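Protein chains: 2
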Amino acid sequence: MQIDTTAPASPAESHCPAAEPCARRRGRPRSEAAEQAIVAAIERLMEEGAGLADLSIEGIAAAAGVGKATIYRRWPNKEALLVDVVARLEAPEPQLIGGTVREELLAMMEFMRRRGLAKRSRWVLKTALGQLNNWPELRSMYQEQVIEPRRELVRQVVRRGVAEGVIRSDLDTDLLSEVVMGPILLRTVFWEDAPLDDPALAEQLVDAVLNGIAAPAPTAAPAAAAPSGGESH
Amino acid sequence: MQIDTTAPASPAESHCPAAEPCARRRGRPRSEAAEQAIVAAIERLMEEGAGLADLSIEGIAAAAGVGKATIYRRWPNKEALLVDVVARLEAPEPQLIGGTVREELLAMMEFMRRRGLAKRSRWVLKTALGQLNNWPELRSMYQEQVIEPRRELVRQVVRRGVAEGVIRSDLDTDLLSEVVMGPILLRTVFWEDAPLDDPALAEQLVDAVLNGIAAPAPTAAPAAAAPSGGESH
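Protein chains in written order, with the working numbering: chain A, 1 to 233; chain B, 1001 to 1233.
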């Protein structure tokens, strides 16, 4: 409880009391050499074929050239370390950009598109995410620390949209959020064959979920027996 | 190639040439005792704690009280057997119902909602699907035999909607299909905490994806400086 989270990361070893998992301070730069060596060692071990489940604190410490205590000073246990490593393999978490509701949704959609591309192209990230999904404890930590904040960010924008009268108010926030993010998550998580490289994708999806996929209704006037040749251009 | 697929399943052992995997004839009732015993044995073994990967043809045959040849007569290999068993644990696959585009989308959405409920309540199905996801070969067979036909059914309805002028024609079929199914798949596959028990969910989702989540635009006339008290009802 003594941690000053506003202080810049020290190049020397920071003193994190074990009761306060340092791994929780996501988003902060942690440039310290020992930490980088630990994370790099895990990536290297995975690239050599080790699964997340095969890794031990002993093995990681040896590969990183640090003592076990150096690891435990930063992460309370192996699971917290691995979740943190997987999170670091990803792009920095999305943030609100201070735009309109549509712009915020667009930014999140684009974040997910880029994350999907990264997952496909980076073997270590893809493998780590796959293995994490098969490890219930890790999966729920990752869910809580990485996925849940993203979900909450979408909910926040949706709530704002409803408050501003931009998003319909007759559906609950979760449902609206799922309509927004469902399609891009399908494409990034389920369908490995679905293309993600079109930079227009995020905008197409935001417009499709905002405006719907139904064909636009014909303009009211010509629909009935309006006199022909009415509207100019 | 000699199989008459229109013939009703015989109560006696059918003679399936090994070259023609019988497991492919999905959707047909296969009431045969030996087959049922094999499938029931796998379910029982899983309930006793065996993972899909632990199961062997020998072990399954012994548990079912049949010879290995009885299994190989029906399934070309263990993977095909396991995929078939997982598929049988699910509800019968969705079919077109002969309704309007909206009704077809509704039926598929409702199928997915019920499938999600079944997956949550049936331990064996949930476990089998989880394990299948961790086994690339099984996963791709399941993808091809179960998921892909569902995807194609959605595409088919979407294409029909575009042809009928009910669905917008400026987005490609895959994207439109993902907008339709993304939200319900999120809720059934990703968010185990998201409620599925509301029977109105499918209709809410179909309407949300067809009409969009943007607040409806105010009717044209009163938006500008129209004379007040204009429209009657």
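It is worth saying that the hints were derived from the structure and are not from the lab.
From a predicted model like this one, the values you see are computed outputs, not experimental measurements.
Just so you know, not all the hints are guaranteed correct.
[Claimed, not checked] In silico DSBU-like links for lysine-lysine, alpha-carbon gap of 30 Å or less:
1. B/K1068 <-> A/K126
2. B/K1078 <-> B/K1126
3. A/K126 <-> A/K68
4. B/K1078 <-> A/K78
5. A/K126 <-> A/K78
6. A/K126 <-> B/K1126
7. B/K1068 <-> B/K1078
> Does B/K1078 pair with A/K78 here, judged by a C-alpha cut-off of 30 Å?
Replying inline: 35 Å, violated
> Going straight from one Cα to the other, do A/K126 and B/K1126 come out at no more than 30 Å?
Replying inline: 23 Å, holds
>> For A/K126 and A/K68, compute the direct alpha-carbon distance and say whether it is at most 30 Å.
In response: Holds: A/K126 and A/K68 sit about 27 Å apart, inside 30 Å.
> Within 30 Å, alpha carbon to alpha carbon, are A/K126 and A/K78?
Replying inline: 20 Å, holds
> Is B/K1078 within 30 Å of B/K1126, Cα to Cα?
Replying inline: 20 Å, holds
>> Hint check: B/K1068 vs B/K1078, CA-CA at most 30 Å. Holds or violated?
In response: Holds, at roughly 11 Å.
>> Against the 30 Å threshold, does the CA-CA distance of B/K1068 and A/K126 hold or violate the hint?
In response: 38 Å, violated
Comparing the model with each numbered hint stated earlier shows that hints 1 and 4 do not hold.
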